[in-house]
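Using this note's numbering, the letters of the sequence shown map in sequence onto residues 12 to 514.
Wrong hints could be hidden among the right ones.
[Unchecked claim] Per label pair, the in silico range of CB-to-CB distance:
no.	residue 1	residue 2	range
1	VAL371	LEU256	43 to 51 Å
2	VAL328	PRO365	18 to 26 Å
3	GLU498	LEU46	21 to 29 Å
4	ALA321	ARG439	18 to 26 Å
5	ARG309	ALA358	13 to 21 Å
6	ARG189	LEU133	35 to 43 Å
7	ALA358	LEU255	25 to 33 Å
It should be emphasised that the hints constitute simulated quantities derived from the structure, not laboratory data. Even glycine gets a Cβ: it sits at the ideal position worked out from N, Cα and C.
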Amino acid sequence: MRAERSSSLEGGGGRRAGMRLSTRIAIAVGVTVPLLVLASAALLLRLVSVDAHAAQDSHLRDRAAVVLPMARNLINVNRAGRYQQERNREHRLFANALDVGVRVVTGPDATPIAAGGPQPGLGVSLPAATANPVTVQANGRAWRAFRLPVTGERAGDALWVFSPASVVRSGVDAVRGRILLTALIAAPVSALLALLVAERATRSLRRLQRQASGLDPRVSEARLEHRPSRVTEVDDLARTLQTLLARYDEQAARTGEALATARSFSAAASHELRTPLMSMRTNLEILSGHPDLDPAERTEVLADLRDEHARLEGLLVTLRALAQGDLVEADAFTAVDLGELVEASVADAARRHPEALITVRADAAPRLRGWEPGLRMIADNLLNNAVVHGRRPGRASEVQVTLRRTDEHAVLTVDDAGPGIPPEARDRVFQRFERGPQSPGTGLGLTLVAQQVDLHRGTVRITERPDGEPGSSFEVRLPMSAAAMPELPPHRDWLSGSVRSAQ
């Protein structure tokens, strides 16, 4: 007991050291959300950077298209030597360039004749020709540059427009900073929200855990009572626990019944075997104590010994059969041809009792699912009872066996020609060890019949013969169930109890 308590405490300590499900969810969300934000930010920054460069390049092209005519006029007046007009054209060029830098070059050596606005130094080498904006590095700074040829009389006349690349970089950096700030804020906020949501979501699971932890099938009959929580996993778990407890109860009950059957077997055997054993002991003492016993008396004693031995053997066999019937499970049921089974039973009875007249009439050969040894016990014991008890003085036993099928039942009828059974005694004959004073049997044959009929969810009854002749008629009705796993009676205590539902 001390060891069990210690183990229980250790188990409880292990549970306290563990982490709650809601905390695990909060940590998982608190880690996952910032990572998702950062992963999304990397893609977003890439897209923002591409869009910003595309917008900057588009702006350069637009400004270049606007100031291109002015650059052409500037080159013309420069070549004509009209300096005053050149200054006016240059002023107008710079005014229309707005926020971009402008440089006008002419001649094969690309000599600058006008330069204004933000741009790299004049000594910085520029690409000879480019159809799209390019990046130019100068003195640690980056510029986006676009060259547009100016059509004229000389080759090399061109217009350059510039824009600082830092404009785009500063915008991307600003977006990056905001995303990082968002990720830092999202981590604790998402974890807190996840914790609150998880606490509410796992409330029904914690309630189920509290209910289940208070159950101890060994000391209490209280069972899990669960109201639907509308959480599929929790409701499924509750149903699983209820099914598990129900199976535990069923197995515990079957174990209890098995123990009761074992005790009853022992008690019944010790009680019922006492009489034949004492009788056999007395007869053996007579034989051993009187060696000069009269031969006729010796023959009578030996006959008594044989009868008691047969009764003893039959009692043990029948008790074992009753115990098997109380312990059989549904998986032992198979498809059984009842017609063949009854014919085999009649043939064995005819060999054991050659003097008896046994006739069989089978209108149909029904097949049903059942425990074949149990069905054979029904037929054998009904036939043996009819042969032994269904006779009148001076006449051999006459037994008529009828097997027929209705819509839902297989009906087995065994009629004898004996003195019959009074109505007030018909229920009593199925009780354990109930037998007449002159009966050579064990008093368990009809109990075994009732047990197997009940096991197969059938009925058995005793009536007068339908033809009006003296005797008894035993009618057994067995349902024609096609279920692969039939539902057996919940309680089977025929060895320790008495007949109930089979009659």
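Cross-check of the supplied hints:
Checked against the given bound of 43 to 51 Å, the beta carbons of VAL371 and LEU256, roughly 50 Å apart, stay inside it. The beta-carbon spacing between VAL328 and PRO365, approximately 22 Å, falls within the hinted interval of 18 to 26 Å. A C-beta distance of roughly 55 Å is found between GLU498 and LEU46, which places it outside the suggested range of 21 to 29 Å. Taken as a hint, the range 18 to 26 Å holds for the pair ALA321 and ARG439, whose Cβ atoms sit roughly 25 Å apart.
Roughly 37 Å separates the CB atoms of ARG309 and ALA358, a value that falls outside the hinted 13 to 21 Å. A hinted range of 35 to 43 Å holds for the C-beta pair ARG189 and LEU133, which are about 38 Å apart. Hint check: ALA358 to LEU255, Cβ distance near 49 Å, so the stated range 25 to 33 Å is violated.
Hint violations for this structure: numbers 3, 5 and 7, all remaining hints satisfied.
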